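Q: We have chain W; now place chains L and F onto it with these hints.
Single-letter residue listing:
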Amino acid sequence: MRLSQKSVAALFAAVTIAGTGGTIVSAKDQNLTGAGSTFIKNLFDACIPEYNDVSGDTVSYGGGGSGAGRTAFINGTADFAATEAVFGSAEKPPADFTYVPLIAGPVAIAYKNSNLTGTLQLSPVTIAKIFAGQINTWNHPEIAAENPSITLPSNNIVVVYRADSSGTSTVFAQYLTATAASVWTKAPSGTFANAMPAGAPPGSIAAPGSDGVANKVASTEGSITYVELSFQKENLGDGVKAASVKNAAGAYVAPSPISAAAAVAALPAGNVDQNTGWIRPDFATAVPNAYPITALAMGIARKTYSAKNDSVRDFFNYILNTCAKAQAPTLGYAALTGNTLKFAQGRAAGISQLGNPALTTVKRNQTLPGASLLNAAGLSGVPTLRVTKGGNVCRVVNKTNIGGTRAGTCDVRVTVGTTNVTLKVTVTK
Amino acid sequence: MTAVTTQPSAVRPLQPWKLTTAQRFSRFATVIAVVAVAALLVLVSPLAGLAGIALVAIPLQVAVSVARSGRHGSVAARNDVATSLIGSAFLILMAPWLSILYTVVRRGYEAISWNFLTDDMRVTAPDAELGTGGIAHAIVGTGVMVLVATAVSVPLGILSGVYITEIRGRFTKLVRFIVQAMSGVPSIVAGLFIYSTLVIYNKSYSGFAGALALAVLMIPTVARTAEEVLKLVPEELRFAGYALGSTQASNVFRIVLPTVRSGLVTSAILGVARVAGETAPLLMTAQIFLATKGNPFDGPLASLPIVTFSFFQNGADNAVTRAWGTSMVLLVLISLLFALARAVSADRRRSRR
Amino acid sequence: MAVAVEQREVVTKKPRVDKVLHGVVTSGALASLVILGSIAGFLLYRGFEIFSDMGFGFITGSTWEGAGAEGEVTKYGIAPMLVGSLVLSLIAVAVALPLSVGTALFVEFYAPPGLRRVLVSVLDLAAAIPSVIYGLWGLFVLRPLAIGWAKSLNEYLGWFPLFRVDATFFDGSPFIGGLVLAVMISPIITSVSREVFSQTPPELVDGARALGGERWSAIRHIVLPFGRSGVIGGAMLGLGRALGETVAIYLVVSIVFKINLQMLFTGSGNIASMIALKFGEASPYEVKALLASGFVLFIVTLIVNLIATAIVNGSVRKASK
Numbered sequence: 001m002r003l004s005q006k007s008v009a010a011l012f013a014a015v016t017i018a019g020t021g022g023t024i025v026s027a028k029d030q031n032l033t034g035a036g037s038t039f040i041k042n043l044f045d046a047c048i049p050e051y052n053d054v055s056g057d058t059v060s061y062g063g064g065g066s067g068a069g070r071t072a073f074i075n076g077t078a079d080f081a082a083t084e085a086v087f088g089s090a091e092k093p094p095a096d097f098t099y100v101p102l103i104a105g106p107v108a109i110a111y112k113n114s115n116l117t118g119t120l121q122l123s124p125v126t127i128a129k130i131f132a133g134q135i136n137t138w139n140h141p142e143i144a145a146e147n148p149s150i151t152l153p154s155n156n157i158v159v160v161y162r163a164d165s166s167g168t169s170t171v172f173a174q175y176l177t178a179t180a181a182s183v184w185t186k187a188p189s190g191t192f193a194n195a196m197p198a199g200a201p202p203g204s205i206a207a208p209g210s211d212g213v214a215n216k217v218a219s220t221e222g223s224i225t226y227v228e229l230s231f232q233k234e235n236l237g238d239g240v241k242a243a244s245v246k247n248a249a250g251a252y253v254a255p256s257p258i259s260a261a262a263a264v265a266a267l268p269a270g271n272v273d274q275n276t277g278w279i280r281p282d283f284a285t286a287v288p289n290a291y292p293i294t295a296l297a298m299g300i301a302r303k304t305y306s307a308k309n310d311s312v313r314d315f316f317n318y319i320l321n322t323c324a325k326a327q328a329p330t331l332g333y334a335a336l337t338g339n340t341l342k343f344a345q346g347r348a349a350g351i352s353q354l355g356n357p358a359l360t361t362v363k364r365n366q367t368l369p370g371a372s373l374l375n376a377a378g379l380s381g382v383p384t385l386r387v388t389k390g391g392n393v394c395r396v397v398n399k400t401n402i403g404g405t406r407a408g409t410c411d412v413r414v415t416v417g418t419t420n421v422t423l424k425v426t427v428t429k
Numbered sequence: 001m002t003a004v005t006t007q008p009s010a011v012r013p014l015q016p017w018k019l020t021t022a023q024r025f026s027r028f029a030t031v032i033a034v035v036a037v038a039a040l041l042v043l044v045s046p047l048a049g050l051a052g053i054a055l056v057a058i059p060l061q062v063a064v065s066v067a068r069s070g071r072h073g074s075v076a077a078r079n080d081v082a083t084s085l086i087g088s089a090f091l092i093l094m095a096p097w098l099s100i101l102y103t104v105v106r107r108g109y110e111a112i113s114w115n116f117l118t119d120d121m122r123v124t125a126p127d128a129e130l131g132t133g134g135i136a137h138a139i140v141g142t143g144v145m146v147l148v149a150t151a152v153s154v155p156l157g158i159l160s161g162v163y164i165t166e167i168r169g170r171f172t173k174l175v176r177f178i179v180q181a182m183s184g185v186p187s188i189v190a191g192l193f194i195y196s197t198l199v200i201y202n203k204s205y206s207g208f209a210g211a212l213a214l215a216v217l218m219i220p221t222v223a224r225t226a227e228e229v230l231k232l233v234p235e236e237l238r239f240a241g242y243a244l245g246s247t248q249a250s251n252v253f254r255i256v257l258p259t260v261r262s263g264l265v266t267s268a269i270l271g272v273a274r275v276a277g278e279t280a281p282l283l284m285t286a287q288i289f290l291a292t293k294g295n296p297f298d299g300p301l302a303s304l305p306i307v308t309f310s311f312f313q314n315g316a317d318n319a320v321t322r323a324w325g326t327s328m329v330l331l332v333l334i335s336l337l338f339a340l341a342r343a344v345s346a347d348r349r350r351s352r353r
Numbered sequence: 001m002a003v004a005v006e007q008r009e010v011v012t013k014k015p016r017v018d019k020v021l022h023g024v025v026t027s028g029a030l031a032s033l034v035i036l037g038s039i040a041g042f043l044l045y046r047g048f049e050i051f052s053d054m055g056f057g058f059i060t061g062s063t064w065e066g067a068g069a070e071g072e073v074t075k076y077g078i079a080p081m082l083v084g085s086l087v088l089s090l091i092a093v094a095v096a097l098p099l100s101v102g103t104a105l106f107v108e109f110y111a112p113p114g115l116r117r118v119l120v121s122v123l124d125l126a127a128a129i130p131s132v133i134y135g136l137w138g139l140f141v142l143r144p145l146a147i148g149w150a151k152s153l154n155e156y157l158g159w160f161p162l163f164r165v166d167a168t169f170f171d172g173s174p175f176i177g178g179l180v181l182a183v184m185i186s187p188i189i190t191s192v193s194r195e196v197f198s199q200t201p202p203e204l205v206d207g208a209r210a211l212g213g214e215r216w217s218a219i220r221h222i223v224l225p226f227g228r229s230g231v232i233g234g235a236m237l238g239l240g241r242a243l244g245e246t247v248a249i250y251l252v253v254s255i256v257f258k259i260n261l262q263m264l265f266t267g268s269g270n271i272a273s274m275i276a277l278k279f280g281e282a283s284p285y286e287v288k289a290l291l292a293s294g295f296v297l298f299i300v301t302l303i304v305n306l307i308a309t310a311i312v313n314g315s316v317r318k319a320s321k
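Residue numbers (this note's numbering), protein chains in the order written: chain W, 1 to 429; chain L, 1 to 353; chain F, 1 to 321.
Keep in mind the hints are simulated off the structure, nothing from the lab.
Being a predicted model, the structure only gives us computed values, none of them experimental.
Even glycine gets a Cβ: it sits at the ideal position worked out from N, Cα and C.
Hints should not be assumed to be uniformly reliable.
[Claimed, not checked] Covered stretches of chain L (in silico footprint by chain W; criterion: 3 or more residues with CB under 8 Å from a CB of chain W, positions within the stretch not fixed):
hint, stretch
1, 123–136
2, 143–154
3, 306–317
The shape of chain W in the complex, shown without the other chains (with noise of 0.2 Å):
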């Protein structure tokens, strides 16, 4: 009984595909585990509550970081992963992960120097000299230079880190060997004192999570560092400021949901992997009102079918769709739109597809569209349809459609250019 409600929400999840999505269709107790991204961990906390009260499923999300997600991804000890770094060449992640968009955010250049009245301007260059350790103090001449109408106070800056593997360092890291290769010129890691030029700066503090590196400027006079703007408006109470960054278009601009949407709208084309869903952030971007240290959060997931992946499909459905938009601007986040939305939700609906008994079954008298049975065989292309086994069960329709004809199995076998995968298609009465 609960398998066949299951089959027909699972279909109605199929159909909904192609409309907007979002709804959440399965039903439910199911208990996903959750690891990665601590960037998105605050849009996590808002969303999961929600996305638990409405879907009957019990999500739970154990942070780490991003390292610590695509790990556990590879382990299978999570669900589901987040996370802003591609997995690398050393990870062996299952073959039918897909990565899927979830949500875009600015990291922010926060800072406290309770001398400093109004708001820093930086440039790529000097933001890498601070975080290298050639600039060390704040009334540095490269500084006061782009900053003609603020009173620079003389004491020394210290760096913040994270101590942590973290994406959000990752993505730092790979904005200032983007924006300012002449001074970053070690190569990008998610542990961040690995990828300082000259390791640590002397003085700086690392310290564990967004949470940790926030707390340590709140409560460290003339301090500096990057995270996600939530983490900082949490601490403006204690003097924590943004600063605002210059982007190609010779711009300074705030981090700002808006600024991050605005960097988000004008992603070219080629920084999507359309292979894999990855997309690249674009540090360059020339937009004027665009902030440039603008992360993506990818969720991680298997394409797989099964029960548990149905579950994530739609959790990860209801964030694109719902919640994002709802929680992003009170936390400081982007929510996707446009093109890139419809990106991630092409992503998402791939979830939980491999092998789903829902795509690969109909009722007598009945077509079954030849689009379902390329999800189900993991395939993209135009495909061809051949009977192979039980030719009363069910035939071919217009040669891309399967017709159910009587109560039963049938094979069939799926082709797009060499590659053939063999279906088993149930009709039913």
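A: Below, chains L and F alone, put in the same frame as chain W:
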């Protein structure tokens, strides 16, 4: 002064070091005066805070001690100085413990409500209004894991104790050595061990894995305490049993163990108190689960320390208050366990008499 | 007559039920042995590849790079964390030991009996406060104070080598981490010391009283010499706990992979906190390196613990004589 000290010692020979009321008052007044002077000095100096006051007050108290008692000879002066220093050491150490209790209560009490103890966070965000949601999932999770850990470690621990005191076989020294060595296993190593074996193998975090990591840490505590209480059983009792023709088995089960039953209960409670607040190993083995759940084999399970940690990481004001509130619940639970252990062992002492 | 013979047989030949008892108890006791052996064996087995790949550099090196992918430079050396573990723990013991001994003496010899009972309970409880609470308290309450103390120490006593720093950055230093650890381990040292002091033969103390000695004389000449090795043992137990502490260090200390011997200067870390920091995102090869680090930590803690146990046992033996 000399007359004063010799007189009461003649009247109450058993308490020669006891101070008279006058002495006590004068000492008390001296300390108050010293601290007050120190506080005044701190106000006008670059020093600040309690630490500054202590920094001035302690040498000042020592100097006053020397000046006051010096006229009775160097022995008296040294005694007085030692008293000042020992008292200071006590006060300095009490300060952080009291500060911890104060901090936990002051920052956490707002989170405490009936709802906080009976609801979970399945449908409540960490930074939602206080009074909604709760930590029942963590209380139940910690309870379940501690229970499983107890079920695994208490029998093993008691058997080790029985082996050392009753069987006294050729492994006695080895077993004692192992128990000692195990009590030094850093908790993170225990967690790493269970993670690399059970969690990776099962492809799932679980309350059971967490419980096993806790059990590894609990066995030595239980074994050592059990050995101590078993040693207290008088040999005469065992001899009496043998003299009546009993086997060693019935001796152990009918005489030795019942005699120290409450002591063994204490050993279990102390073991539980030792592990109830472990964070690092649970982070690697049990992770977090937002709904209240009692099944340790069905995926991740929440616990009080991990939930504290997770609230804290959210960073929002209400979440941090919840973190302190969770710490407060944890502290109260551990205190209750200790009170229970005390009550049980007091009971034992009474029944032995 | 016949009864007596039967009884003798019971004594010489163990009845089956006793054999069962022996079997059960022995296997239970040996289970602990198996668990510990398997932990050590497992850590060594998993870490062996690292020991053979890195050689002695694993102990002496101070870089942690790479994930073991092909064609990638992978270097693992735990020297900074090993040194950090020792520095942090030594600071902790140096601070906690005198205070704990003083407190133990106060509780045992100065406090009125009613207060003593309360204090003994407080000590037990303090020893069981979870390290996450010590860590949060250290981060929010002690750290700001300790930074101020470190500044003053450096300003006024900077000429003293121990308090020298190259640059005036004091946050997340070994000093602050050491203080948090000191607060954490002092209940253990105090408990053990008090236990040993309380075993001082009362005749000796009464003798001192009878001879007209002051309280301090009795403590100085009888209690302290009697309890010395016990106190040392307690300190070593505290050292063992400090070496293995994870969460408090993770929260309070700025974990930096660089050997730092200036105790007031930013940056330190210990092996346990390093494992917590790195294990989540570690590649399979890196996990082996972490397990190898765990093995090193395990051995160091074991040695400290064994020395402590030997010393405490020595003092107890002396006491029972």
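Q: Each of the hints needs a verdict: does it hold here or not?
A: We went through each hint and held it up to the structure:
1. Only when three residues or more bring their CB closer than 8 Å to a CB of chain W does the claim for the stretch 123–136 of chain L stand; here the count is 7, and the claim holds.
2. Coverage of a stretch by a chain is defined here by at least three residues with a beta carbon nearer than 8 Å to that chain's beta carbons; for the stretch 143–154 of chain L and chain W the count is 0, and the condition is violated.
3. Only residues whose C-beta sits within less than 8 Å of a C-beta in chain W count toward coverage, and the stretch 306–317 of chain L has 7 of them, enough to reach three; the restraint holds.
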